[in-house]
Amino acid sequence: MSRIRRSGLRAVLTAVTVAAVAFGAPVAASAAPTGSAGSNDLPGSVADLPGSVSELPGSVMDLGARAIDLGSVILENGSSLPTTQQCNQSRQSGGEGVTSTYHELGRSGPTSFLLDWETYDVPDRIQVFYGGSQIYDTGRIGDSINEGTGSAVVNVPAGSATSVLVRVTGDPGTDWDYLVNCPIL
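One point on numbering: in UniProt numbering, the residue at position 135 of the sequence shown is 135, and numbering is uninterrupted.
In short, the hints are calculated from the structure, not lab data.
One or more hints might be untrue.
Unchecked claim - Quick list of simulated restraints, FRET-style, between CB atoms: (1) Ile145 with Gln86: 28 to 36 Å; (2) Gly106 with Ile145: 36 to 44 Å; (3) Leu185 with Ser144: 20 to 28 Å; (4) Gly97 with Ile184: 29 to 37 Å; (5) Gly139 with Gly97: 29 to 37 Å; (6) Asp121 with Ala158: 15 to 23 Å.
Yeah, the Cβ is synthetic: ideal placement off N, Cα and C, and Gly gets one too.
Given these sequences and hints, build the entire structure.
As structure tokens, this is what we get:
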């Protein structure tokens, strides 16, 4: 087999293995070469690997959106990997810094949901992302004169993802909570 075909096959197998590991799909791989140096026949093929792309959960768009969201979360100081929870479940403060949480809406866009928040007397910022793009931003809200109690209808554009990422950025001494209500039908 030519060196180019072999390196191309190796690249494809590596990509499939990385994708399968990223999605949690089982993969059987061997580091030992098989076949003979002069043969064009390979035992098995990518199609013989257990599982398939069609069996993976979600869509490529969902994966891309989550990768973009996760990438933007990782780039910020003091951030942690986002957790996931259902809509209609309150999220309380973890303190200062950046807290990111995915909220399952149960449907893809376009849709709308009500976001309720309380940022008390230390300013905080609440941002909502869908498909890697910011769709809502409270700005810095809450101070000792005007506690940051509020709500807003957040419009989710067309897309295939069924969750939004909510990012709260808080100052030292902060206390906040918010609620992503399930979509308005």
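To test your reading of the hints: which numbers does this structure violate?
Hints 3, 5, 6 are the ones this structure does not satisfy, whereas the remaining hints hold.
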